[in-house]
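Q: Position one of the sequence shown corresponds to residue 87 (this note's numbering), numbered consecutively onward.
No wet-lab data here; the hints were simulated from the structure. Treat the hints loosely; a few may be bogus.
Taking lysine-lysine and the DSS-like style, the derived pairs with C-alpha atoms no more than 30 Å apart in a straight line are [stated by the list, open to error]:
1. Lys664 - Lys542
2. Lys673 - Lys547
3. Lys600 - Lys641
4. Lys617 - Lys641
5. Lys263 - Lys192
6. Lys644 - Lys664
7. Lys377 - Lys411
8. Lys617 - Lys204
9. Lys125 - Lys111
10. Lys351 - Lys492
11. Lys364 - Lys192
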Amino acid sequence: MNALLTTHFYDSANRYSAKAALKEKVNGVYRSITYQEMKERVEQVAVFLLNSNLDAGDRVALLSENRPEWPIVDMGIISAGMVNVPIYPTLTASQVAYIVNDSGTKGIVVSSSAQLDKVRHLLKDCPQLEWVICLDDCHDIELQGVRLLDYKTLLAEGESLMKTRRAELDARLQLAKPSDMVSIVYTSGTTGNPKGVMLSHSNFASNAMAAAEAMGFNYNQTSLSFLPLSHVLERVVNYVMQYCGATIAYAESIDTIGDNLQEVKPSAFVAVPRVFEKIYTRILQNIENDKPLKRKIFYWALGIGKQASAYTTQGKSMPTTLAAKHALADKLVFSKIRARTGGNLEFAVSGGAPLMKELAEFFFAVGINIYEGYGLTETSPVICINRPKHVKPGTVGQVLEHVDVKIAEDGEILARGPNIMQGYFNNPEATAEVINQDGWFHTGDIGELDADGYLKITDRKKEIIVMSNGKNVAPQPLENKIKTSPYIEQAVLVGNNQKYMAALIYPNFEALEKVAKEQGFKAESPEEMAKSKAVEDFLRREIDQLTEEFARYEKVKKFALLTEEMTQENDCLTPTLKLKRRVIQQKYEQLIHSLFES
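Assemble the whole structure, with the sequences as input and the hints as a guide.
A: In structure tokens form, the structure reads like this:
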């Protein structure tokens, strides 16, 4: 097993030199960067770094949104034998400063003047920083005490240094070992300061190869990239595509995904559940606004699709009668939905948080195959994944090749394999808390393995709510069930040390406005709807109906409606769109307290 990321990249670059490696939208048109062009730029970045007074193992931070320069700089850093410290572009200057100082970063690459402004504010707190590179033009900007240059200048300097430093670059590539650290990835930090996860060539390369094999990735595929490359999931997808010689196209932003899908016509993409939830809600909303006959046809087709998916997810042939009905349903309904993804989508992968079973079943029914996987930053990241012809909605699939999983006595999922991190940077105590002497990593997630080896995640160990009566409630299954309502966008359960469960609900106000008109009650603004007894009663019925199957003590007794969506901007979500429960608890402390007043 070849466990070097550099070998994967350079092999593909030589084999597929004229093929598009990366695509970016420029002046309204997607343009390609070939593998040969990417290789040349990677080498230019690498020799520049070799000439920048940095040693093997030194850290270089990368603070940028997704764009072609991200993987080029990343592979340049790794080729030079250095360590990439990716930083989410949504972080504040003080958060960036913490990561720069904790990692001992000596140089930083930023995307734009906005990110450069963050660096300006942290320079006095980060005296070890020697230079800053801006991917955009920065000729009219000055920084005190450090060298500043733009990406074009970096490439030009790299090209001019190629003859004199080429042998050194080749030597660094030859000396690389699978155990060499290539990145320190800081966790999102739902609580406290983030920890730096040390990941090696072997960690990433083994995971990329196993994931490519499991999902059937090949050089013909194009992936649309919009999850942040700072997140380990999109990062390993990047390495999968490089390993296969495939193409990555970058979405302009999260808001333009719909348009970019139509333009790129990808065969695959990776997203977190929140993205699929929004697509699902939008589809149902459009159907509910349609004419009665079209609604009837849609739900008939959906029923047929669900019957058919019981066969297609297992690679089995449908009975003749069902196949005929499914062909008609596909022609009338499903093909039109799939056309909105560009019409070429073979599959999508969901990770980062649990995907609602109902959503997985819905998308498989309409012919959009979403394979849910599971992993953590510390596992590089994939541990398990559903895969073509081997799918169980409601599970995160079977364990990846070369990875072992077992369930501890308290239900915690433990993992071991070549994908497990080297540890937390400069934090041996925290490392010892999660990796035992036998090499088993404690995930902090609770789950169970079924007889066929499919893993089901039931909750986060640390997020379990302990009620005053001693009952334990896992919030995610309830929250996910509540969010299947087309009238509810977000739900957060609360109830620690309380005698009953309550929830904060952010409704789909657009859908509620339609209900208000149909049922004749006044609710003209989000603020008015949040105070409306009629809206409360309507949502009460929705929540009660959706949570019928749960135990009595788990059910939501009271809820409050929020008028502001929980987002990264208001610090309620991490960059990977997970709930920051502690922040939410503090932000809405008085509102939550009112839910438990007798």
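Q: The structure should be examined with respect to each hint, and the outcome stated for every one.
A: Each hint tested on the structure:
no., hint, result
1, Lys664 - Lys542, "holds (19 Å)"
2, Lys673 - Lys547, "holds (23 Å)"
3, Lys600 - Lys641, "holds (27 Å)"
4, Lys617 - Lys641, "holds (22 Å)"
5, Lys263 - Lys192, "holds (23 Å)"
6, Lys644 - Lys664, "holds (23 Å)"
7, Lys377 - Lys411, "holds (22 Å)"
8, Lys617 - Lys204, "violated (40 Å)"
9, Lys125 - Lys111, "holds (20 Å)"
10, Lys351 - Lys492, "violated (39 Å)"
11, Lys364 - Lys192, "violated (40 Å)"
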